[in-house]
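For the record, the sequence lines run as chains A and B. Residue 175 in the working numbering sits at position 175 of the first sequence, with consecutive numbering throughout. Residue 1323 in the working numbering sits at position 323 of the second sequence, with consecutive numbering throughout.
Hints were generated in silico from the structure; no laboratory data involved. Possibly wrong hints are sitting among the right ones.
What the hints assert, rightly or not - Chain A side only, calculated, beta carbon under 8 angstroms to chain B, not exhaustive:
hint: 1; residue: V82
hint: 2; residue: E83
hint: 3; residue: V86
hint: 4; residue: R87
hint: 5; residue: G89
hint: 6; residue: L92
hint: 7; residue: E98
hint: 8; residue: A101
hint: 9; residue: E102
hint: 10; residue: D107
hint: 11; residue: L110
hint: 12; residue: L111
hint: 13; residue: D115
hint: 14; residue: I187
hint: 15; residue: F188
Being a predicted model, the structure only gives us computed values, none of them experimental. All C-beta atoms in this analysis are idealised placements derived from N, C-alpha and C, irrespective of residue type, glycine included.
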Amino acid sequence: MNALPEESERNLVLEVRGLSVSYGKVEALHGLALQVHRGEIVTVIGPNGAGKTTLLSALIGLLPARGEIIYLGESQGAGRRVEQLVRQGMTLVPEKRELFAEMSVADNLLLGAFDRYRAGHRDELETMDQVFDIFPRLMERRAQMAGTLSGGERQMLAMGRALMAKPRLLLLDEPSLGLAPLIIREIFRTVAQLKKTGVAILLVEQNARAALQLADYGYVLETGELCLEGPSRELATDPRVIESYLGLGGRHLEPR
Amino acid sequence: MDLQIALLLGQDGITNGAIYALLALALVLVFAVTRVIFIPQGEFVAFGALTLASLQAGKLPGTVWLLLAMGTLIAVIESSLALRERRFREIPLLLMVNCGAPLLLAGTLFAISPASLPLPVQVLLALMLVVPLGPMIYRLAYQPVAEASVLVLLIVSVAMHVTLIGIGLLFFGAEGSRTPPFTDVTFEIGDALLQGQTILVMVASVLLIVALYFFFERTIYGKALRATAMNRTGARLMGISGNLAGMLSFTLAAAIGAFSGILISPLTTIYYDSGFLIGLKGFVGAIIGGLASYPVAAAGAILVGLLESYSSFHASAFKEVIVFTLIIPVLLWRSLTTRHVEEG
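Using the sequences provided together with the hints, build the complete structure.
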């Protein structure tokens, strides 16, 4: 009985308590609490403007936030910086991808390992081979400029670049945004594969059906507050979720 | 004008143009990475040349004091920040880098007599004294306002320029200096006489440009700088902080400036304020490249050098006027052909 909480404590990658973010006087997030464990996919679903991107930006330190963020057992103070969190293995794949458009695919990937290189690791070429195994398409396109890639390839490159950092916590911001259904399926299949490598994944999605199918645990974010949470299988059958996000008759909720 | 004079002027123009090209590259680099229009770029030329001249004259260059003062200031700021954020372990390193290293350098200069050292060692010492000023200026003047608008950064640059000119006058006095040439070799090509120093300037400039190319194309730090210039947020998410990129680009800019100054100090007398005009001509080249394109900026700077050289023959009094008037058609052409998107 005693061993159980310790076990889950040890595997706790991220714990957030009372997280609030304001843009000026407007509060975008209010009192959020969530947990992500090792080797777990946690999803936050919610409509446009609920504050999903704000949540991830605050977690990685791009936005100032109030409340407690405990990452790998360490409480992150108000002075936390993106660079420190990246050094500790937190990586964000942003909604806008933020690729280096006038650089080759290979150089984009290489820069994903910049911080590891700076910290003294010299395994970036092996890591790149692993990323090419996950995304063979990137291998074919490795000499091409990132700006000339298709939408799906861009998303693959953004994810591949994040994986180059060998993250412990991967934050994915709407990987399905603007992609064709077939490509979305491919991306989500890859996310499921990544889970097996032990990385913790926090997936923020508007495409609730796909996200809940993939995730172990889910939260529903509405106008800056978490209004529902639970194992994703339960959420997927929760009448409130079905009504708001999954639609009647199990019809597919298309991404914007 | 006969062929001999034309060749002589051309040689002069290309030599100066090569220096302007180096400065233009530094200006484009600093602007692309940090959005700073680095007006004090020319001051590094003067500081480099005059520091070398002081060393050769057996005097202690004033730049030592500047290095010590700025190093101490940064050590105090960084240490108090580290204290507040309880990063105690970093403090010894902070003190060592910012105070210890300049003190060591100053001590070395006191202990030995630099005037009797061989030229390469003197050049190295001068670079060691002037180049660290670049990242230090970034840390003190630009890093606190790194997120400000281009205009605010420009105003900081103007202030830095005026301050450094004043400091230059204090350290080096109003008299100019000229260092002895690195080499006395001369070549005769037909009727024209080629000075060894001129060739040295060209070769060194080309080598430096090639080295920069390899730095940006082949090394991960060079790529990180390019990435920062392309997408600041993306670069931050890779752990490439704006501060790191800023420090790195200012170090390169300072090195390029100081090295240029050392290269031309045997060719022309450098005064404490000579750097401004030299830097400004590099800036004209950078403008031709739209503050974005490295090759066009370098080519533009060579053009500036040639234009200056030939106009000094035909209309010596209007030399500067002609060079700087070049900006007007270039700006017109640029504003008519490019669609400008202001980044927020």
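Name the hints, by number, that the structure is in violation of.
Numbers 5, 14, 15 - these are the hints that the structure violates, sorted from lowest upward.
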